[in-house]
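Novice: Given next are the chains, with one letter for each unit.
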Amino acid sequence: MDQIVKQPDEVKLIVFACEAGMGSSLMGANQLKKMVKKAKLDGVTVIHSPVGSIPAEADVIVTHTKLAQAARAQNGDAAIVRFMMFMNDPKVKAVVENLKTGQPIVSEL
Amino acid sequence: MQEKLQRFGGFLAAMVIPNIGAFIAWGLITALVIPTGWLAELGFGGGNDGEIWGTLTGALVGPMIVNLLPILVAYTGGKLIYGHRGGVLAAIAVMGVIGSSGEITADDGTVLTIQPPQFLGAMVTGPLAGWVMKKIDEFLEPRTPSGFEMLFNNFSQGIAGLILVFVGYTIIGPIMAAVANAFGNMVEGIADAGLLPLADIPIEVAKILFLNNAINHGVLTPLGATDVSESGRSIYYMLESNPGPGLGLLGAYWLAGKGLAKQSAPGAIIIHFFGGIHEVYFPYVLMNPVMIGAMWAGGITADIVFVATDAGLTGPPSPGSIFAYLTFLPSEGGAAFGVLAGVAVGAIASFFVGSALLRMFPVKDMTDTEIDDAAMNDGMENVPGVIPGV
Chain R
66 MDQIVKQPDE VKLIVFACEA GMGSSLMGAN QLKKMVKKAK LDGVTVIHSP VGSIPAEADV
126 IVTHTKLAQA ARAQNGDAAI VRFMMFMNDP KVKAVVENLK TGQPIVSEL
Chain U
19 MQEKLQRFGG FLAAMVIPNI GAFIAWGLIT ALVIPTGWLA ELGFGGGNDG EIWGTLTGAL
79 VGPMIVNLLP ILVAYTGGKL IYGHRGGVLA AIAVMGVIGS SGEITADDGT VLTIQPPQFL
139 GAMVTGPLAG WVMKKIDEFL EPRTPSGFEM LFNNFSQGIA GLILVFVGYT IIGPIMAAVA
199 NAFGNMVEGI ADAGLLPLAD IPIEVAKILF LNNAINHGVL TPLGATDVSE SGRSIYYMLE
259 SNPGPGLGLL GAYWLAGKGL AKQSAPGAII IHFFGGIHEV YFPYVLMNPV MIGAMWAGGI
319 TADIVFVATD AGLTGPPSPG SIFAYLTFLP SEGGAAFGVL AGVAVGAIAS FFVGSALLRM
379 FPVKDMTDTE IDDAAMNDGM ENVPGVIPGV
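Protein chains in written order, with this note's numbering: chain R, 66 to 174; chain U, 19 to 408.
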C-alpha cells in the first residue's frame, strides 16, 4: 500500500480516537484543540471518537499505537499518527508543528 | 486475535457506555432509597423498617433495572447497526425478552426483582433487531411505490416489532435467562470458592491491551447491576475500575523511575486517580511489561480485601476515579471501610512491588524516540523497554 501523505492544506478534520470514545480521547482531543487554537490553525477541527466509528471525513487520526490497526481497519484514507503516552507526547505536538510550518503529515500505517 | 477481541468486546461495551449516565442515576437512586440505603440508615421515613423504602424500591429501583436499563442497552445496540430505526425496533423487541423473565418474591409476597435483568438478552436482541430492520428496509425500498414510503416504513417496523416481541418472549428471553443464570452461577461459584481475586490476573492484562472498557462495561457493569438489585451492592463494579493499583504503579515510577517517565508520573497520577482515566497508566506498563507484576500484586490484594470485608459499590464507578468510589460507597460501615481499604491496599502493594521491579528491571534509554514498528504492532511481550517518544 502506498504511504498516505496529507499536505497541510488538506487537513480539515483531526480525529483523536480511543477505544470507547469517552475518556482518554476526550482528554487528548481537548489538549490537541488547545494546541491547534494556540497555533491559530483556523481551518482545522479536532474531534474525539471511538476507534470503531471514526468518521470517513477524517484527514488525520491520532491514536494510541495499540489501537492504530483498528483505526486503519476503520478508515483507509486518513493519515494515522500513533502515540505512546497520553500526555505531552511529541508525536501529537509534531502534528500541530507540521501544520503550522507547512510540512506534510505522513501516515505511519 | 487482540483486534477481534477488541472489536467484539468493544461492541458490547459500545452498547453500555453511552448509557452509563442512566446506570449511575439508577445507582444513586438505589443507594438512597432501598430499605438499607442511606436515607433509611440516616433515620428518615421511619428508618430501616419504614414502609416508604419498600414502596420506593418497588416503584423505582426495580422498574429501572428491569426495564429502563435493558431497553437503553438494546436501543443502543440496534442504533449501532442501523441508526434510529434499528434502535426503535430493538427497544420494541427487547420488551418481549424482558417480559419473559419471571419474578422473585420475598417471603411476605412483595416482588423483589424480576430475575434476572435481561442485559444479556438486550445485548443479543439489540443488534439482531437492528440487522432485521436493515434487511427489511433493503428488501422493501426498491419495491415501495412512490407516495407509500411512510406507510411502508411505519408498518414494516410495527409488524416486525410484533414478530420480534414474540420471538423475544418465546425464544430469546428464556434462552438468555438460562445462559445469564448459568453464567451468574458460575461467577457466584468462583466467588463463593474465594477465587474471585484470581480474576484479576486476566483483567489486568486485558486492561493494558485496551480491553478495559470491553471487560468493565461489556461484562462487569451488567453483572454488577444485577448483583446490586439482589444485595444492594456489588464487588463486580470494583474488579476492573479500582484506581488503587494504577496509583501505586505511577507512584513507583515517580519514586524509582527515571527520566521522563518519572517526570510525567505525578501528572498521570492526577488524571488517573482523580479523573479516572486509567488509559494514562497503560503506557507505563507497556514500556516495561514486567510491571504487570505490580498491577497483579495491587489488584489481587485489593480484591482479597474486598472479598474479606464483603465490600461493594452501589453504582458503577465510571470513570474509575476515587470520587466515583466515594459517591457509591455503601451505607454499611464495614463494607464502606472495605472499599476504601481495598483501594489503599491495592495502591500500597503495587507501589512496593512496582518500586522493587523498577530497581531490578530499570527502563532503558529514555531518550530513544524511535518507535520500533514490529514491536508496536505485536503483542506487549515484544515491546522493548524504552519509552518511544515520551
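Bear in mind the hints are in silico, worked out from the structure with no lab data behind them.
Be a bit skeptical, because a hint or two may be false.
As the list claims (entries may be wrong) - In silico BS3-like cross-links for lysine-lysine, where the CA-CA straight-line distance does not exceed 30 Å:
#, chain 1, residue 1, chain 2, residue 2
1, U, 22, R, 99
2, R, 103, R, 156
3, R, 158, R, 103
4, R, 158, R, 98
5, R, 71, R, 165
6, U, 152, U, 280
7, R, 102, R, 156
8, R, 105, R, 158
9, R, 98, U, 280
10, R, 158, R, 71
11, R, 156, U, 152
12, U, 280, R, 103
13, U, 280, R, 99
14, R, 98, R, 165
15, U, 152, R, 158
16, U, 22, R, 156
17, R, 77, R, 158
18, R, 98, R, 71
19, R, 105, R, 156
20, U, 153, R, 156
21, R, 102, R, 165
22, R, 99, R, 158
23, R, 77, R, 165
24, U, 276, R, 158
25, R, 77, R, 156
26, R, 99, R, 71
27, R, 103, R, 71
Novice: Within a Cα-Cα threshold of 30 Å, do residue 77 (chain R) and residue 156 (chain R) meet the stated pairing?
Specialist: Satisfied, since the Cα-Cα distance of roughly 18 Å is no more than 30 Å.
Novice: Can you confirm whether the C-alpha distance between residue 152 (chain U) and residue 158 (chain R) stays at or below 30 Å?
Specialist: 42 Å, violated
Novice: Given the hinted pair residue 105 (chain R) and residue 156 (chain R), is their Cα-Cα distance within 30 Å?
Specialist: Measuring from Cα to Cα gives roughly 19 Å; hence the hint holds.
Novice: Residue 158 (chain R) and residue 71 (chain R) were given as a pair; does the straight-line alpha-carbon distance stay at or below 30 Å?
Specialist: Holds, because 16 Å separates the two Cα atoms, which is no more than 30 Å.
Novice: Take the C-alpha atoms of residue 77 (chain R) and residue 165 (chain R), compute the straight-line distance between them, and say whether it is at most 30 Å.
Specialist: This hinted pair holds, its Cα atoms lying about 13 Å apart.
Novice: Next pair to validate is residue 102 (chain R) with residue 156 (chain R); report whether the Cα-Cα distance is within 30 Å.
Specialist: 18 Å, holds
Novice: Run the distance test for residue 158 (chain R) versus residue 98 (chain R): straight-line Cα separation, threshold 30 Å.
Specialist: Given that 30 Å is the threshold and the Cα spacing comes to 11 Å, the pair holds.
Novice: Could you grab the alpha-carbon distance between residue 280 (chain U) and residue 99 (chain R) and see if it respects the 30 Å cut-off?
Specialist: Distance of about 25 Å is within 30 Å: holds.
Novice: Given the hint that residue 158 (chain R) pairs with residue 103 (chain R), does the C-alpha gap stay at or below 30 Å?
Specialist: 12 Å, holds
Novice: Taken at face value, is the distance from the CA of residue 158 (chain R) to the CA of residue 77 (chain R) at most 30 Å?
Specialist: 17 Å, holds
Novice: Residue 22 (chain U) and residue 156 (chain R): Cα distance at most 30 Å?
Specialist: Roughly 27 Å between the alpha carbons, so the hint for residue 22 (chain U) and residue 156 (chain R) holds.
Novice: Can the restraint linking residue 153 (chain U) and residue 156 (chain R) be considered satisfied, given a maximum Cα separation of 30 Å?
Specialist: 43 Å, violated
In this structure, the earlier hints numbered 1, 6, 11, 15, 20 are contradicted, and the remaining ones agree with it.
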